[in-house]
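Student: Single-letter residue listing:
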Amino acid sequence: MNPEEINDNGRRNFIKTAAFAAVATAACGSLACSCSSKNKVTTEKIKLLSPDGEIVEIDSAYLNHQENMAVLSQYEQRQGIPGKKFVMVVDLARCKNARKCITACQKWHYRPEDTEWLSVKLMKDSDKAAPYWFPKQCFHCDNPPCVKVCPVDATFKRQDGLVLIDNDRCIGCKFCMAACPYSTRVFNWDEPEMPMDIRNLQYSAENGLPAKVGTVEKCDFCPDRTREGLLPPCVEACPNGVFYFGDENEDTVTNGDETIGFTQLIKERAGYRFLEELGTKPRVYYLPPKDRQFPVERGYENLDSTIKERFKDIMEVKTIS
Amino acid sequence: MELNTYQQEAFNYQRPNIEKFEKRNWIWIIFFLLWIIVGVYALYLQISKGHIVTGMRDNVVWGLFIVNFIFFIGLSYAGAIIAGLLHLFKVSWGKPIIRLAQIMTVISVIVGPIFILLCVGRFDRLHHLFIYPRLQSPMTWDVLSILTYFVGSVLFLYMALIKDFAVYRDAKMNVPKWRQKLYSILAIGYRGAASQKRHLIISQNLLAIIMIPLAIIVSSILSWIFGMTLRPGWHSTIFGPYFVLGALHSGVGALIVAMWTYRKMYKLENYFTDKHFTNLGYAMLVLAAGYGYFTFSEYFTSWFGSAKWDNDVINKLFNPAEYGWWTLLANLAGIVIPISIVAIPKTRTPNWITIAAFIMVMGLWVKRYLIIVPTLETPALPMQDTRIEYVKYSATWPEWALTFAGIATFLLFFTLISKFVTVVPVSELDEVSHKHHVNPETVIVNNEAVQPA
Chain R
1 MNPEEINDNG RRNFIKTAAF AAVATAACGS LACSCSSKNK VTTEKIKLLS PDGEIVEIDS
61 AYLNHQENMA VLSQYEQRQG IPGKKFVMVV DLARCKNARK CITACQKWHY RPEDTEWLSV
121 KLMKDSDKAA PYWFPKQCFH CDNPPCVKVC PVDATFKRQD GLVLIDNDRC IGCKFCMAAC
181 PYSTRVFNWD EPEMPMDIRN LQYSAENGLP AKVGTVEKCD FCPDRTREGL LPPCVEACPN
241 GVFYFGDENE DTVTNGDETI GFTQLIKERA GYRFLEELGT KPRVYYLPPK DRQFPVERGY
301 ENLDSTIKER FKDIMEVKTI S
Chain U
1 MELNTYQQEA FNYQRPNIEK FEKRNWIWII FFLLWIIVGV YALYLQISKG HIVTGMRDNV
61 VWGLFIVNFI FFIGLSYAGA IIAGLLHLFK VSWGKPIIRL AQIMTVISVI VGPIFILLCV
121 GRFDRLHHLF IYPRLQSPMT WDVLSILTYF VGSVLFLYMA LIKDFAVYRD AKMNVPKWRQ
181 KLYSILAIGY RGAASQKRHL IISQNLLAII MIPLAIIVSS ILSWIFGMTL RPGWHSTIFG
241 PYFVLGALHS GVGALIVAMW TYRKMYKLEN YFTDKHFTNL GYAMLVLAAG YGYFTFSEYF
301 TSWFGSAKWD NDVINKLFNP AEYGWWTLLA NLAGIVIPIS IVAIPKTRTP NWITIAAFIM
361 VMGLWVKRYL IIVPTLETPA LPMQDTRIEY VKYSATWPEW ALTFAGIATF LLFFTLISKF
421 VTVVPVSELD EVSHKHHVNP ETVIVNNEAV QPA
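Chains as they are written, first to last, in our numbering: chain R, 1 to 321; chain U, 1 to 453.
Treat the hints with care, since some could be wrong.
What the hints assert, rightly or not - Chain R is faced by these chain U residues, among others (derived, beta-carbon under 7 Å):
#, residue
1, Leu45
2, Ser48
3, Gly50
4, Ile52
5, Val120
6, Arg125
7, His127
8, His128
9, Leu129
10, Thr140
11, Gln180
12, Ser184
13, Pro379
14, Ala380
15, Pro382
16, Thr386
Unchecked claim - In silico EDC-like pairs for lysine to aspartate or glutamate, Cα to Cα no more than 20 Å straight-line:
#, chain 1, residue 1, chain 2, residue 2
17, U, Lys392, R, Glu297
18, U, Lys181, U, Asp170
19, U, Lys316, R, Asp313
20, R, Lys85, R, Asp224
21, R, Lys121, U, Glu377
22, U, Lys308, R, Asp114
23, R, Lys100, R, Asp313
24, U, Lys392, R, Asp114
25, R, Lys121, U, Asp385
26, R, Lys267, R, Asp251
27, R, Lys121, U, Glu389
28, U, Lys95, U, Glu2
29, R, Lys124, U, Asp312
30, R, Lys100, U, Asp385
No lab work stands behind these hints, which were simulated from the structure alone. Keep in mind it's a predicted model, so treat the numbers as computed, not measured. Cβ coordinates follow ideal geometry from the N, Cα and C atoms, glycine included.
Here chain R stands alone, though its shape is the one from the complex:
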């Protein structure tokens, strides 16, 4: 497959997914309807916006209707969403440690307050440098040290760029946690508390539910939502539009409010990847905290005293100097 074909495929899938969202909500709205409408030629035309900015009309019969919350096969879970290559850009100039991303993530994945798949660190690169807030989720590396060391293929790299974990297979050796240089992974040290209906779900690596004791888990870029054309909860929840999420094949990322070309954004704002020198090739890019929207103290002031405690060292140094 040459790059153009991939691009084409990606485009087609983007259209399909976007159309599905439209169909599912506007036209049908129910699961039964979206199933039965398969392959029947209808007169219904749907307007779509192509990535080139043109408006096209497509018969709804040509669109790929998917079942909501469909149970995916093991193979599909490990293969990934065809034609996609997910990427994230984090704009450090916009983050003020509102921590809405964290709570949204915990809510979506039914994780307790202590379990942070996504965390916001207060970073200070050198003595004289100004501190800044640094949201950090899994980087879904293209050369993932965690996947390399897994002895049972429980954590794997998909063709859509995601690194996921199969908690039905994980033996809990924690080698991946030792190997990850970004401290991304968390372990279920005891039986995770989950609502009863979630606990009884069939396990899916795409959302890590239900969580299992003695296994490793981490940020998964929410493929269960992206399959439906939705953005991950952290992206949606951020009040400042810090996170841009999208598809590298389409070269587009969006933070919900604005949609920008990925390459263009990285080029103009001098995007970089954290600890590039380790050679892990992360799929998360950072935009340096230039022209900040908020002073760094704003993210500190309204915090819970327990969370405030975490950043004490760096904040106090700041106030003294």
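Got chain R; can you put chain U on it based on the hints?
Tutor: Relative to chain R, chain U alone:
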């Protein structure tokens, strides 16, 4: 089986040790079993409540269990290399201690892997290692190599035991029927015929040739579990040889301590002679120097290069408020003490050498702790976690209980095996190795002991 007079003497001397089960043996066994029971209770807690009962958390994901794993597996590799070398080079003074080294190999390769299993979150899924193996993972290399090594070391010990089993079978010992039968089965019909002798010797030689490189390979693979990650303090090209040397060093120490204990317990002064202590003491001295050299290279290059992440670990290791005192202690105990005690002629006695060996083995255990924990406590990103147990590792009582249960299992095996086979191999002994104790100055001429004029 025909025995010459020296072998017969050695057998008669040790015969009561395996025939009688004395009161003090029972006391020891019950003592060890009590520790094991406490360990089993800790294990029950760990399985029923999850790993929350350990001190391990998301940053320090490996703790005491992995430290013990490296420690015991290290003893095992050393046993194989020592026994292999003594066998291959036909070192005559080494004959009485080969079995001890082989026993140590087998016992510690049983106890060591138990600890890595304790570290695994899901006991119920261990079979996944075999049904979904991923060859790219250093953990899979470890599973394969340790299993191979286990089989090799059991065979190596067994081969060396066959002749002795034939001796026990023919001696009509005063032991229960089932044991007599077992000896006879284990002797697999060995009668000392020329062809049997030849086959046995060839097999043993081959195994010795296999076991030495195998122990080096397996020890390196163990180090690669750490060396293959990107973490400072682990990600080092010298980690393979460093671990091989560390294993040999601690193994020689453990062998000295085991020799001393058996010598006291079974009055084996005629077999485990002062010469054995001195010679193993010299080996310990050389290995300590080598280990010190590796340790110095490792710390010095890291410190001098002073890359930020490397430096964080070095600072943690040398800061008196963190691990500074432990680093000092481990290096004093593991390197300086064994060298000084063996180097000074006055302290070059079995008792002193054993004390040095014991301190050194403890020191190397601490050294392993210092390899594992400080590195894990130093992630690339700041932790910024208020939960103290996530920031700093401190082992909990179930971890200690399981550690002591492991040590108790190790010692229990040593006690039991000395009641099943003679600690000094009788059928391998010859005049030379036996007679050494008479006078260290004795000169050997044509296999006959001659007193110097």
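Student: Please go over all the hints and tell whether each is borne out by the structure.
Tutor: Here's how the hints hold up against the structure:
Because the smallest distance between the Cβ of Leu45/U and any Cβ of chain R comes to about 11 Å, over 7 Å, the interface hint for this residue is violated. A distance limit of 7 Å between C-beta atoms decides the matter here; for Ser48/U the minimum to chain R is near 10 Å, and the interface restraint is violated. With a cut of 7 Å, the hint placing Gly50/U at the interface with chain R holds, because the nearest CB-to-CB distance is about 4 Å. For the restraint placing Ile52/U at the interface with chain R, the shortest Cβ-Cβ distance is roughly 4 Å, inside the 7 Å limit, so the hint holds.
For Val120/U, the suggested interface contact is upheld, since its CB lies about 5 Å from the closest CB of chain R, less than 7 Å. Taken as an interface hint, Arg125/U checks out: its beta carbon lies about 5 Å from the nearest beta carbon of chain R, inside 7 Å. Checking His127/U against chain R by beta carbon gives a least distance of about 9 Å; that is not within 7 Å, so the hint is violated. Because the smallest distance between the Cβ of His128/U and any Cβ of chain R comes to about 4 Å, under 7 Å, the interface hint for this residue holds.
The beta carbon of Leu129/U comes within 6 Å of a beta carbon in chain R, closer than 7 Å, and the hint placing it at the interface holds. For Thr140/U, the interface hint holds, since its Cβ comes within 7 Å of a Cβ in chain R; the closest pair sits about 5 Å apart. The closest approach between the C-beta of Gln180/U and any C-beta of chain R is roughly 44 Å, which is over the 7 Å cut-off, so the hint fails. Checking Ser184/U against chain R: minimum C-beta separation of about 42 Å lies over 7 Å; hint violated.
Satisfaction of the interface hint for Pro379/U is found here, the shortest Cβ-Cβ separation to chain R being roughly 4 Å, below the 7 Å cut-off. Annotation: interface hint on Ala380/U holds; nearest CB of chain R at approximately 5 Å, less than 7 Å. Interface restraint check: Pro382/U against chain R, minimum CB-CB distance 6 Å, threshold 7 Å, status holds. Here the hint on Thr386/U is kept, as its CB sits about 5 Å from the closest CB of chain R, short of 7 Å.
Only pairs whose Cα atoms come within 20 Å are accepted, and Lys392/U paired with Glu297/R is rejected, the gap being roughly 28 Å. Between the alpha carbons of Lys181/U and Asp170/U the distance comes to roughly 11 Å, so the proposed pair stays at or under 20 Å and holds. Note on Lys316/U and Asp313/R: the hinted pairing holds, with a Cα-Cα distance of about 18 Å set against a maximum of 20 Å. Between Lys85/R and Asp224/R the CA atoms are separated by roughly 15 Å; this keeps the pair inside 20 Å, and the hint holds.
Our distance criterion of 20 Å between C-alpha atoms is met by Lys121/R and Glu377/U, whose separation comes to about 17 Å. With a C-alpha separation of about 29 Å, the suggested pair Lys308/U and Asp114/R falls outside the 20 Å cut-off, and the hint is violated. A hinted pair counts as satisfied when its Cα atoms are at most 20 Å apart, and Lys100/R with Asp313/R does not qualify at roughly 23 Å. At roughly 17 Å between alpha-carbon atoms, Lys392/U and Asp114/R fall within 20 Å of each other, so this suggested pair holds.
A threshold of 20 Å between alpha carbons decides the hint, and for Lys121/R with Asp385/U the separation of about 10 Å falls inside it, so the pair holds. For the proposed pair Lys267/R and Asp251/R, the alpha carbon gap of about 12 Å is at most 20 Å, so the pair holds. Between Lys121/R and Glu389/U the alpha-carbon distance is near 19 Å, which keeps this suggested pair within the 20 Å criterion. Between Lys95/U and Glu2/U the CA atoms are separated by roughly 19 Å; this keeps the pair inside 20 Å, and the hint holds.
Proposed proximity of Lys124/R and Asp312/U is supported: the alpha carbons are some 15 Å apart, at most 20 Å. A C-alpha spacing of about 18 Å is found between Lys100/R and Asp385/U, which places the hinted pair at or below 20 Å, so the restraint holds.
The structure is inconsistent with the numbered hints 1, 2, 7, 11, 12, 17, 22, 23, although it conforms to all the rest.
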